[in-house]
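Produce the complete structure using the sequences and hints provided.
Here the working numbering is used: position 138 in the sequence shown is 138, and no number is missing along the way.
Just so you know, the hints here were simulated from the structure itself, not pulled from any lab data.
Just so you know, even glycine gets a beta-carbon here, dropped at the ideal spot from N, CA and C.
Simulated restraints on C-beta separations:
(1) Thr263 x Leu150: 46 to 52 Å
(2) Gly206 x Leu161: 39 to 45 Å
(3) His258 x Leu207: 23 to 29 Å
(4) Gly273 x Leu150: 34 to 40 Å
(5) Pro244 x Ile141: 39 to 45 Å
(6) Tyr136 x Arg270: 55 to 61 Å
(7) Pro244 x Leu265: 15 to 21 Å
(8) Asn241 x Trp140: 45 to 51 Å
(9) Gly273 x Trp140: 48 to 54 Å
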Amino acid sequence: MQPSDQQPAEDTPKQDSEEQADFQPLYEYPPGGLLASVIPQPAPVTRVLPAEELASEPIDEEAIRQGLVYPPPPAFYQNMSLPPVPPPLPPQNPARQSSTNAYLASAPGQMQQASLQSYPPPWTSSPVPPPVKKSYRWVWIMVTIVSVFLLAGCGLCGWGLYNIFSSTYQQVSGALNIVDDFYTSLQSKNYTAAYSDLAPQRQISGLTQAAFTSQASRLDEQDGTITSFIPGQPSFRMDPNTGPDLSHFTITVDVTRHSSSYTALLRIARINGTWKIIEYDRL
Numbered sequence: 001m002q003p004s005d006q007q008p009a010e011d012t013p014k015q016d017s018e019e020q021a022d023f024q025p026l027y028e029y030p031p032g033g034l035l036a037s038v039i040p041q042p043a044p045v046t047r048v049l050p051a052e053e054l055a056s057e058p059i060d061e062e063a064i065r066q067g068l069v070y071p072p073p074p075a076f077y078q079n080m081s082l083p084p085v086p087p088p089l090p091p092q093n094p095a096r097q098s099s100t101n102a103y104l105a106s107a108p109g110q111m112q113q114a115s116l117q118s119y120p121p122p123w124t125s126s127p128v129p130p131p132v133k134k135s136y137r138w139v140w141i142m143v144t145i146v147s148v149f150l151l152a153g154c155g156l157c158g159w160g161l162y163n164i165f166s167s168t169y170q171q172v173s174g175a176l177n178i179v180d181d182f183y184t185s186l187q188s189k190n191y192t193a194a195y196s197d198l199a200p201q202r203q204i205s206g207l208t209q210a211a212f213t214s215q216a217s218r219l220d221e222q223d224g225t226i227t228s229f230i231p232g233q234p235s236f237r238m239d240p241n242t243g244p245d246l247s248h249f250t251i252t253v254d255v256t257r258h259s260s261s262y263t264a265l266l267r268i269a270r271i272n273g274t275w276k277i278i279e280y281d282r283l
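Given below as structure tokens:
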């Protein structure tokens, strides 16, 4: 019986064939593909040698570089050539070296100040203030002042116009009233009352009450009594220096009698605060 650590010689080829079968390469392509005709080649086997064999066998540097021998023996590292050492740099300029040393001597304070200098705070946008609301107070004040002046001016103008028209209306109405009273007295044959509407004798020369009564009665007998009369619009004189003269008016009256009709022209004046007829062309 052979010891367990010794194996028969015939088992060695069988074991080598099994190891060779175990180290067969693997392929990515199926056997029936385009590369089926290519004969596969076994990959080179890297054999790890024990330290005793590495010390006895000669060093094959090329095999070690290709990775066929692992690990490399220590003698391989001993025989390796060192990289060339670069030559030393030439000495610097003495003057430049002294200036550099002086700068370095004075630089620590500056470097310390620079190191102590703090960076500015990061920029932040300042908040935008809300838009200031425009005040229109002065506009309203001006509008109020202008409105007050306009209203005051309109009031003064209205008051002035009212006084003018009121005075004019009073003057015109007074002249028309005296004409209406005069022809109403003639229509009723009240010659004395009609004569009282005329100006005194010094205004109408030679016209006495008897003469006026005789003239009015004779006209009533010839053309008949007055049936109607219509006073016209009074007109006044315009003085270029003083303006309108509202103390004198001229009025036309359309008179109708039984047998005739005509237009009489009368002139009226304000005498001592009373309206009087100062002239007429016919009754």
